[in-house]
Amino acid sequence: MRVGLQIIRFDWDGDINSRLRDIATTVDEAGFYSLWVMDHFFQMGGIFGEPDTPMLEGYATISYLAALTQKVKIGTLVTGNFYRPPGLLAKMVTTLDVLSGGRAYLGIGAGWYEQEALGLGLPFPSMKERFERLEETLQIVHHMWRGDTTPFEGEFHHLLNPINQPRPISQPHPPILIGGEGERKTMKLIAQYGDACNFYFGATVNSWGEWHTQRFENRRAHLTHKLTVLRQHCNTQEREYDDIEKTVLGTIQLNRDGMTASALVDLCRELADIGFDHVIFNMPDTHQISPLEVFGATIIPQVSTL
Numbered sequence: 000m001r002v003g004l005q006i007i008r009f010d011w012d013g014d015i016n017s018r019l020r021d022i023a024t025t026v027d028e029a030g031f032y033s034l035w036v037m038d039h040f041f042q043m044g045g046i047f048g049e050p051d052t053p054m055l056e057g058y059a060t061i062s063y064l065a066a067l068t069q070k071v072k073i074g075t076l077v078t079g080n081f082y083r084p085p086g087l088l089a090k091m092v093t094t095l096d097v098l099s100g101g102r103a104y105l106g107i108g109a110g111w112y113e114q115e116a117l118g119l120g121l122p123f124p125s126m127k128e129r130f131e132r133l134e135e136t137l138q139i140v141h142h143m144w145r146g147d148t149t150p151f152e153g154e155f156h157h158l159l160n161p162i163n164q165p166r167p168i169s170q171p172h173p174p175i176l177i178g179g180e181g182e183r184k185t186m187k188l189i190a191q192y193g194d195a196c197n198f199y200f201g202a203t204v205n206s207w208g209e210w211h212t213q214r215f216e217n218r219r220a221h222l223t224h225k226l227t228v229l230r231q232h233c234n235t236q237e238r239e240y241d242d243i244e245k246t247v248l249g250t251i252q253l254n255r256d257g258m259t260a261s262a263l264v265d266l267c268r269e270l271a272d273i274g275f276d277h278v279i280f281n282m283p284d285t286h287q288i289s290p291l292e293v294f295g296a297t298i299i300p301q302v303s304t305l
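According to numbering that gives the first Met the number 0, the stretch in the sequence shown is residues 0 to 305, in order.
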């Protein structure tokens, strides 16, 4: 099983730059497979911190992370689709892939955070239109990544000459991870256009609240059901289910709420048994570095053979 880390906040004591550099280099040395940030301009409120809590723009941040690292895959979990024109987004991810030596993911979703969009003067379409725009973006990135420079005429976007040079290093293109668990729209898009899915197993951190901890307690039933629905969509789309990377995200905190290194290995073993091959953790204390070192010394060596 592959292990990834998602950075979810930047309100650390001291210099953000040096903290982020320490996280990136430790992750790379510890053997993490992937490193992600959220694609938000404001923090999300509630347990995450108020909207005016420090938040870095996602693509500038992952470009910086790519420059600091040598091995770990890099991406946003996940890009708010309507924040950037699709042709520009394809070019940005291609550039990241080329400059990182083939380490880019395109993580993408329909987007949902109205406050940050309106707060910065960005359009915020209806949910129906956001999903229509997401599908058109997925069509455009496939169009460009297969080297097709003929015009693309969609409902929302018109690309006269979608040149994308240099081509990505990742072949056939950077993996497209589509985030979300919607069974009617999102999973259909994963089956049609995606290379990876991402579901949520909940949180072991009690302070995150009942909904998150209940999701963790019911994780097996919930995740098994979601994978079953995805398989059904793959069958309908005549897509090989096994071609889609199964990723799962959740929140843990080592040495609190019963989550020891041994318990975390057992959790990874369970998630692998359910059908996942890539687990991505976020941790409230990521910036303290020592939890990342425990991953490298104890957890990753044990779960890499699952």
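These are computed hints drawn from the structure, not numbers from a lab.
Don't take every hint at face value.
[To be verified] BS3-like mimics (lysine-lysine), calculated; alpha carbons at most 25 Å apart, straight line: (1) K225 with K127; (2) K70 with K90; (3) K127 with K70; (4) K184 with K127.
Outcome of the hint check:
1. K225 with K127: Status holds; Cα separation ~22 Å.
2. K70 with K90: Between K70 and K90 the Cα gap is close to 22 Å, so the pair holds against 25 Å.
3. K127 with K70: 38 Å, violated
4. K184 with K127: Within the cut-off at roughly 10 Å; holds.
The structure shown violates just one earlier hint, number 3.
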